[in-house]
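A.B. asks: With the hints as your guide, set chain B onto chain A.
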Amino acid sequence: MVGAGPAGIAAAVSAAECGRSVALLDENSAPGGQIWRGFEVGQHVDHKKGKGSRLPQEWFVRLRLSSVEVIRNCRVFGGGTPDQLLTEVDGQAAEFYGRSIVLATGARERFLPFPGWTLPNVLGAGGLQALVQGCLPIAGKRVVVAGSGPLLLAVAAHLTAQKAKVSMIMEQAATQRVTTFGAALALHPGKLAHAILYRWQTRGIPYRTSAWPLRVNGEEKLESVTYLHAGRQHTIACDYLACGFHLVPNNELASLLGCEIAADTGAVRIDDSQRTTVPHVYCAGETAGIGGLELALIEGQIAGFAAAGFPDRTQSLKAEHARQRRFAVRLEAAFAIRPEIRSIAEAETIVCRCEDVRRKQLEGHTSWRAAKLLTRCGMGACQGRICGAACRFLFNWNPDSQRLPVQPVSIAALMGLSKNPMQAGTIPPAEV
Amino acid sequence: MHEIVLVEIDGKPVAVQAGSTVASALLAAGIPARRSISGEARAPLCGMGVCYECRVEINGIPQKRGCMVLCHASMKVRTQ
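For the protein sequence lines, the chains are A and B, in the order given. Our numbering puts the first residue of the first sequence at 17, with every later residue one more than the last. Our numbering puts the first residue of the second sequence at 42, with every later residue one more than the last.
Please keep in mind that the hints were generated in silico from the structure rather than gathered at the bench. Keep in mind that this is a model prediction, so the values were computed, not measured. All C-beta atoms, glycine included, are put in the ideal place defined by N, C-alpha and C. Check the hints yourself; a few may be wrong.
[Said to hold, decoys possible] Just so you have them, the derived chain A footprint on chain B, three or more residues with Cβ under 8 Å: (1) 75–84; (2) 87–95; (3) 107–119.
So that you can see chain A by itself, here it is in the shape it has in the complex (with noise of 0.2 Å):
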């Protein structure tokens, strides 16, 4: 199992519950994910009082329970023959064997630019909130928070819980959308409870849709926001502006293990049983399809019996999982980007964080692959994990497929491994 947020935590127990020898890899030092992080350790930061901190727990304390063996600090950048997946652990390789794999890896904030977005202190809304749980001290500081999805209402609240001044919350979506989406979630009881719990503990900042940055103003770091909303400008001096638009699945380890990904979301293929395009390989929770916190749990629980072996356990959970994923439909649908958005980036706009391609150097081309080979965009660091998703919008250009290594990995670690990566491919399938 890739990945310790939820579903790869209900699918991890799922599988040792059916008798399963389980390995769970996660990149952080502790699981949890980014929703429930520092869960473990006592950090994680719940407002939605009583029974949405009881769920984190329960799987908690199951996940302590089983059989799971949780490996932490473990970057898996490839794999090799089909049952291999190929780790550094602490700056070590580390390679692990498996019957089935499940896929768990989750999503990011989408980053879409914007004159200034480069610019010290303007940073994803879910980023904020993350480096905010890593004791960035907030009190009192002004803070914008903006792009689009329920995330923002969600780090608003959690942000005026740690008593900073969230001024504003600015929502691309167009009011109608934002109020239908609103209206379906009484379908989704729990749900309609921390929306609203959300909107409370945010009462008095104002919630305005159809409202965009169109700049970050400062020099050295951000000092101001100007803004659209309604057709008009305005500047709004602030801290932090805390800004994402909506999330996209990280199916760079999928689509290297050959599974095949929609072309429109980025989700990762899958069955009813969350069976990717290749036979031994699942996929559950974001990866998936960006659904929610319910709707991972229900993959996650999907995967686990399936890959285990255990279809028929994967029954009493199939109502519940086509109720969530026509929440996640909806959702798809209401924080869609409206396209007058691709305009806010400026010729000399850096749309690649990494190689500092800007707008202009990228019209024109054809292709992401003619663009990288002509500009570098995507081909530092991040690995276009950031510009792909900006370039897909912008551009409708699609990436890639991947290569070895999917994340950054030490030399010392490749040489670690017991056989050349580069040619796994060529060695036979073990019996899987």
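C.D. replies: Here is chain B on its own, set in the frame of chain A:
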């Protein structure tokens, strides 16, 4: 009161709250993690190990993502 840890950033002592990530410490101190290839100051963006904007040298090992590493007493951080 929070427990305080002293780390060294570019040779200067910086007091941070125990439990801080290196990325949070840099951002709180207003120190850019790196200069981009065209010379811009850069600081953490994604907070979750994806964007590599907070990469710094930590105890002599270059290219470490500051958001993935917790501060420890007498840790030596060099911006890149």
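A.B. asks: For every hint, state whether the structure bears it out.
C.D. replies: Each hint, compared with the structure:
With a cut-off of 8 Å between beta carbons, the segment 75–84 of chain B has 7 residues touching chain A; three or more are needed, and the interface restraint holds. Only residues whose beta carbon comes within less than 8 Å of a beta carbon in chain A count, and the segment 87–95 of chain B has 8; three or more means the coverage holds. Counting residues of the segment 107–119 of chain B whose beta-carbon sits less than 8 Å from any beta-carbon of chain A gives 3, enough to reach three: the coverage restraint holds.
Of the numbered hints listed earlier, not one is contradicted by the structure.
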